[in-house]
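Engineer: All chains should be built: construct the whole structure from the sequences, respecting the hints.
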Amino acid sequence: MKKEIKFHLNGEEVVAEVEPHWTLLYFLRNVMKLKGTKEGCGYGECGACTVVVDKRAVNACLYPILEVDGKKVITIEGLSKPDGQLHFIQKSFIEEGAVQCGFCTPGMIMSAYALYEEKENPDEEDIKEAIEGNLCRCTGYIKIVQAIKSAKRRQQ
Amino acid sequence: MKKFDYHIPKSLEEALSLFKSLENAKYIAGGTDVLVNIKRKKESPSHLISLRNIDSLKVVEKKDGLKIGSCLIHQELLKIEEIRTYYSALYDALTKLGSKQIRNVATIGGNICNAAPSADTACPLLVLDAQVVIFGEKGTRMVPIDDFFEGPGTVAKEESEIVTSFELPSFPKYTGSAYIKHTRREAMDLAMVSAASRITFAAEDQSLLRDFLSSKGVEELDKELKNYPLFVKEARIALGVVAPRPFRAKKAESCLEGKFLNEETLREACEKAAEEAQPRDTIRGEAWYRREMVKVLTKRTILLSVKRAIEMCS
Numbered sequence: 001m002k003k004e005i006k007f008h009l010n011g012e013e014v015v016a017e018v019e020p021h022w023t024l025l026y027f028l029r030n031v032m033k034l035k036g037t038k039e040g041c042g043y044g045e046c047g048a049c050t051v052v053v054d055k056r057a058v059n060a061c062l063y064p065i066l067e068v069d070g071k072k073v074i075t076i077e078g079l080s081k082p083d084g085q086l087h088f089i090q091k092s093f094i095e096e097g098a099v100q101c102g103f104c105t106p107g108m109i110m111s112a113y114a115l116y117e118e119k120e121n122p123d124e125e126d127i128k129e130a131i132e133g134n135l136c137r138c139t140g141y142i143k144i145v146q147a148i149k150s151a152k153r154r155q156q
Numbered sequence: 157m158k159k160f161d162y163h164i165p166k167s168l169e170e171a172l173s174l175f176k177s178l179e180n181a182k183y184i185a186g187g188t189d190v191l192v193n194i195k196r197k198k199e200s201p202s203h204l205i206s207l208r209n210i211d212s213l214k215v216v217e218k219k220d221g222l223k224i225g226s227c228l229i230h231q232e233l234l235k236i237e238e239i240r241t242y243y244s245a246l247y248d249a250l251t252k253l254g255s256k257q258i259r260n261v262a263t264i265g266g267n268i269c270n271a272a273p274s275a276d277t278a279c280p281l282l283v284l285d286a287q288v289v290i291f292g293e294k295g296t297r298m299v300p301i302d303d304f305f306e307g308p309g310t311v312a313k314e315e316s317e318i319v320t321s322f323e324l325p326s327f328p329k330y331t332g333s334a335y336i337k338h339t340r341r342e343a344m345d346l347a348m349v350s351a352a353s354r355i356t357f358a359a360e361d362q363s364l365l366r367d368f369l370s371s372k373g374v375e376e377l378d379k380e381l382k383n384y385p386l387f388v389k390e391a392r393i394a395l396g397v398v399a400p401r402p403f404r405a406k407k408a409e410s411c412l413e414g415k416f417l418n419e420e421t422l423r424e425a426c427e428k429a430a431e432e433a434q435p436r437d438t439i440r441g442e443a444w445y446r447r448e449m450v451k452v453l454t455k456r457t458i459l460l461s462v463k464r465a466i467e468m469c470s
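Just so you know, the protein sequences line up as chains A and B, in that order. Letter 123 of the first sequence, counting from 1, is numbered 123 in this note's numbering, and no numbers are missing. Letter 225 of the second sequence, counting from 1, is numbered 381 in this note's numbering, and no numbers are missing.
Think of the hints as simulated: they come from the structure by calculation, not from any bench. This one's a predicted model, so the numbers in the text were calculated from it and none came from an experiment. Glycine is no exception: its CB is placed at the ideal position from the N, C-alpha and C atoms. Hints are supplied without guarantee of correctness; some may be wrong.
As the list claims (entries may be wrong) - Derived Cβ-Cβ restraints for the label pairs, each shown as a range:
1. A:Lys152 with B:Ser167: 43 to 49 angstroms
2. A:Cys101 with B:Glu293: 52 to 58 angstroms
3. B:Glu419 with A:Glu95: 53 to 59 angstroms
What the hints assert, rightly or not - In silico DSS-like pairs for lysine-lysine, Cα to Cα no more than 25 angstroms straight-line:
4. A:Lys128 with B:Lys252
5. B:Lys166 with A:Lys72
6. A:Lys3 with B:Lys415
7. B:Lys223 with B:Lys158
8. B:Lys223 with B:Lys235
9. A:Lys72 with A:Lys3
10. B:Lys159 with B:Lys214
11. A:Lys149 with B:Lys235
12. B:Lys455 with A:Lys55
13. B:Lys182 with A:Lys3
14. B:Lys294 with B:Lys182
15. A:Lys55 with B:Lys313
16. B:Lys195 with A:Lys2
17. B:Lys463 with B:Lys451
18. A:Lys3 with B:Lys166
19. A:Lys2 with B:Lys182
20. A:Lys71 with B:Lys407
21. B:Lys166 with B:Lys294
22. B:Lys214 with A:Lys71
23. B:Lys197 with B:Lys159
24. B:Lys235 with A:Lys128
25. A:Lys71 with B:Lys463
26. A:Lys81 with A:Lys119
27. A:Lys2 with B:Lys159
28. B:Lys176 with A:Lys6
29. A:Lys3 with B:Lys159
30. B:Lys176 with A:Lys2
31. B:Lys214 with A:Lys2
32. B:Lys235 with A:Lys119
33. A:Lys72 with B:Lys214
34. B:Lys158 with A:Lys33
35. A:Lys3 with B:Lys195
36. A:Lys6 with B:Lys159
Structural biologist: Structure, rendered in structure tokens:
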């Protein structure tokens, strides 16, 4: 039996009928057709599905959709400006070459986004802690950490 | 994922009556274990009853010790200054559990009720003498955490009962505690072995503690012990992953409790702890290695506890 939820998704109010057993990830990808959020493992291990709920990075694959009611959700699609201008973290990933296959990238960027929401000037330790739940099997993380570290500079 | 209905009660009473009225129901808190189990087809409840929106499960009370609500997420617990200062073993565990994403939703009540032998908050709560507060049809009852764990995934509570909080006693300031999780990779790994300990010294030794060369690194601490005969009033040692449940190595504790801490008693305690462990060969590590690591980690947590007790007094 479907239930109604109301929440903010990337700044806009969404009212939707959802199945109680859906996860936030299923809803984003299959109902809202927002395919930027990836499904890697589906068990909260890889972080490819990371989105930000009420300013906290969470695994969308383990987030019951009904718990989203009344909350503010931001996905990778919500970071760029309406005119298409990218967020400073996104720009930094491109300029530092922090993307290889790209599958982990949206999750990495959302974890970095949550970090910048929490801390204005994160140091390397903060960055490593913020992305410890995001697996990347291509890069070895060096460029990713660099991109997150230098993102602030690009904002200014 | 198998279909289930999802309920969001606002009070404990409502949660309990939902549980009673629904068939094949299960409580869910952060869901990082429950949903994984459902996805892996290890369980298939028809109804999930969410405990996330019950305010009384998120209390923090700071008188005569510390009371923490079961549905507080790890990331919130990390911000409680008292945990960092007086319950360091628990703080150590909170920083090491899962990932940021997991700590942002997973609750301490969930970590304990899931009762994995590797549960990070289990050993710290064991050495900190936590009481588990449980709400059910017959009202509220308290169980010492040592009696709460029964085996892998099983705890001493009825299915319908809800763990509401954990109560930690206040310890004298000449107390230190620590938790060490041994993993193959820095982040996002389950422990291969884990250990926690707490040492509470005698009040008379405070000045001695103050004199102790706290500038020395924790690695050199054991060599200095013979010059400073510190009396151990209370010792707690808990081990994770090396038995069906997180447990207190009580024989190892008695090697220290009521005795002077020196190289000899420390070595005895570590060897006893290794004897008490019942490690198995698994994909994460072999039994012989785990047993050896019990000795190493027991020693490290005790020395770190001593160091912290010294720091508290200086």
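Engineer: Verify the proposed pairing of lysine 195 of chain B with lysine 2 of chain A, using a straight-line Cα cut of 25 angstroms.
Structural biologist: Roughly 20 angstroms separates the two Cα atoms, so the pair holds.
Engineer: Quick one, are lysine 3 of chain A and lysine 166 of chain B close enough, alpha carbons at most 25 angstroms?
Structural biologist: Cα-Cα ~17 angstroms, so holds.
Engineer: What's the verdict on lysine 235 of chain B and lysine 119 of chain A, does the C-alpha distance respect the 25 angstroms limit or exceed it?
Structural biologist: Distance of about 14 angstroms is within 25 angstroms: holds.
Engineer: Verify the proposed pairing of lysine 71 of chain A with lysine 463 of chain B, using a straight-line Cα cut of 25 angstroms.
Structural biologist: violated, 44 angstroms
Engineer: Does lysine 415 of chain B lie within 25 angstroms of lysine 3 of chain A when you go C-alpha to C-alpha?
Structural biologist: Roughly 62 angstroms separates the two Cα atoms, so the pair is violated.
Engineer: Taking only the CA atoms, is the gap from lysine 72 of chain A to lysine 214 of chain B under or equal to 25 angstroms?
Structural biologist: Holds. Lysine 72 of chain A to lysine 214 of chain B sits at ~21 angstroms (cutoff 25 angstroms).
Engineer: Has the given pair, lysine 223 of chain B with lysine 235 of chain B, been kept, meaning a C-alpha gap of at most 25 angstroms?
Structural biologist: Within the cut-off at roughly 14 angstroms; holds.
Engineer: Hinted pair, alpha-carbon criterion (25 angstroms max): lysine 166 of chain B, lysine 294 of chain B. Please report holds or violated.
Structural biologist: holds, 20 angstroms
Engineer: Is the Cα-Cα distance between lysine 235 of chain B and lysine 128 of chain A 25 angstroms or less?
Structural biologist: Holds - the C-alpha atoms of lysine 128 of chain A and lysine 235 of chain B are around 19 angstroms apart, at most 25 angstroms.
Engineer: Taking 25 angstroms as the top limit, are the C-alpha atoms of lysine 294 of chain B and lysine 182 of chain B close enough?
Structural biologist: holds, 19 angstroms
Engineer: Has the given pair, lysine 214 of chain B with lysine 71 of chain A, been kept, meaning a C-alpha gap of at most 25 angstroms?
Structural biologist: Answer holds: lysine 214 of chain B to lysine 71 of chain A is near 18 angstroms, not above 25 angstroms.
Engineer: Tell me if the straight-line CA distance from lysine 128 of chain A to lysine 252 of chain B falls inside 25 angstroms.
Structural biologist: holds, 13 angstroms
In this structure, the hints that do not hold are numbers 6, 7, 10, 12, 15, 20, 25, 28 and 31, in rising order.
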